[in-house]
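Enquirer: With the hints as extra help, turn the sequences into a complete structure.
Counted the way the numbering used here counts, the sequence shown spans residues 1 to 194.
Keep in mind that a hint or two might mislead.
In silico SDA-like links for lysine to any residue, alpha-carbon gap of 25 Å or less [what the hints assert, rightly or not]:
1) Lys7 - Ile49
2) Lys88 - Glu78
3) Lys104 - Asp177
4) Lys64 - Pro107
5) Lys7 - Gln77
6) Lys91 - Gln9
7) Lys111 - Glu27
8) Lys166 - Asn47
9) Lys166 - Thr180
10) Lys64 - Lys166
11) Lys104 - Gln37
12) Lys32 - Lys7
13) Lys16 - Pro107
14) Lys104 - Ser6
15) Lys166 - Met155
16) Lys44 - Glu27
17) Lys24 - Lys44
18) Lys55 - Met36
19) Lys16 - Leu137
20) Lys104 - Val22
21) Lys7 - Leu176
22) Lys64 - Val8
Since the hints were made in silico from the structure, they are not lab data.
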Amino acid sequence: MLIDNSKVQSHLHNLKTQLEKVLKEIEQLIEKDSPMQNPEDLEKVENEIISKTDKLAGLILSCKIQESLCSDYELSQESSDFINSFPKKMKNQGIRDVEICPLKGNPFIVKTQYFTQKAKKDKRKKKRTGCYPSLTLLGIFDGCTPSLSSEIALMATALGSLEEVKTVLYERGRDLDIKTIRNITKRYSERSRL
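Expert: Rendered as structure tokens:
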């Protein structure tokens with residue numbers, strides 16, 4: 001199940017180009033003279049540093065995940081075994097773009113294979129759900145890395161309401177609606193019980 005596609009390789013190259021650009025921005029930030037006279041100046045510099053380093057963290061993670069999905073490592077064999085373990089036959093629907101939100105950094109897109117149940121003639125035209133086996137094996141569910149899912153579930157149990165969770169996540173740069181937060185928390189707790 002090795003992903004060997006020119007569009008995927010091009011996407012990986014674009015991610016690495018963005019990563020190099022952000023690294024140069026961080027080098028410029030390090031070299032830049034930033035005199036601080038008051039708390040506002042300090043806050044401005046601190047926010048700029050956090051913004052750039054979070055962006056860097058997200059890009060590094062996106063490159064690492066995409067490399068894993070493209071590589072010839074065990075993940076491709078495990079993905080094949082995972083798909084073959086389903087009780088019904090699964091059909092490869094091709095390469096799809098998937099947006100992933102990391103704990104730190106901007107959401108990013110990876111390209112990976114998508115599988116659905118092989119459909120027999122169904123008069124109801126019922127849409128069948130599918131899965132991204134490689135992402136599932138990496139622990140990426142609901143478009144969130146395991147760290148972000150864990151953080152959301154922890155906040156949902158620690159804070160008084162899902163509205164508070166939404167507010168805290170928004171302050172940290174994650175704009176999720178309450179339904180998404182509820183689903184992530186529910187599915188995370190279900191996986192924890194297994």
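Enquirer: With reference to the structure, classify each hint as holding or not holding.
Expert: Status of the hints after comparison with the structure:
1. Annotation: proposed proximity of Lys7 to Ile49 is violated, straight-line Cα distance about 33 Å (limit 25 Å).
2. This hinted pair checks out: Lys88 and Glu78 have alpha carbons roughly 18 Å apart, not beyond 25 Å.
3. With a C-alpha separation of about 18 Å, the suggested pairing of Lys104 with Asp177 holds against the 25 Å cut-off.
4. The hinted pair formed by Lys64 and Pro107 meets the criterion: a straight-line CA distance of about 14 Å does not exceed 25 Å.
5. Simply put, Lys7 and Gln77 have alpha-carbon atoms about 22 Å apart, close enough for the 25 Å limit, and the pair holds.
6. For the given pair, Lys91 sits about 23 Å from Gln9 by alpha-carbon distance, which is consistent with the 25 Å threshold.
7. For the hint pairing Lys111 with Glu27, the CA-to-CA distance comes to about 29 Å; that exceeds 25 Å, so the pair is violated.
8. Under the criterion of a C-alpha separation no larger than 25 Å, the hint pairing Lys166 with Asn47 is consistent with the structure, at around 21 Å.
9. For the proposed pair Lys166 and Thr180, the alpha carbon gap of about 10 Å is at most 25 Å, so the pair holds.
10. Between the alpha carbons of Lys64 and Lys166 the distance comes to roughly 28 Å, so the proposed pair goes past 25 Å and is violated.
11. Pair hint Lys104 plus Gln37 does not hold up; C-alpha atoms about 29 Å apart against a cutoff of 25 Å.
12. Distance check on the hinted pair: Lys32 and Lys7 sit about 37 Å apart at the alpha-carbon level, beyond 25 Å; violated.
13. Annotation: proposed proximity of Lys16 to Pro107 holds, straight-line Cα distance about 15 Å (limit 25 Å).
14. With a C-alpha separation of about 29 Å, the suggested pair Lys104 and Ser6 falls outside the 25 Å cut-off, and the hint is violated.
15. Proposed proximity of Lys166 and Met155 is supported: the alpha carbons are some 9 Å apart, at most 25 Å.
16. This hinted pair checks out: Lys44 and Glu27 have alpha carbons roughly 18 Å apart, not beyond 25 Å.
17. A threshold of 25 Å between alpha carbons decides the hint, and for Lys24 with Lys44 the separation of about 20 Å falls inside it, so the pair holds.
18. Restraint check for Lys55 and Met36: satisfied, since their Cα atoms lie roughly 24 Å apart, inside the 25 Å limit.
19. Note on Lys16 and Leu137: the hinted pairing holds, with a Cα-Cα distance of about 24 Å set against a maximum of 25 Å.
20. Straight-line distance between C-alpha atoms of Lys104 and Val22 comes to about 15 Å, which keeps the hinted pair within the 25 Å bound.
21. For the suggested pair Lys7 and Leu176, the alpha carbons sit about 30 Å apart, so the restraint of at most 25 Å is broken.
22. Between Lys64 and Val8 the alpha-carbon distance is near 14 Å, which keeps this suggested pair within the 25 Å criterion.
Hint compliance for this structure: hints 1, 7, 10, 11, 12, 14, 21 are not met, and every other hint is.
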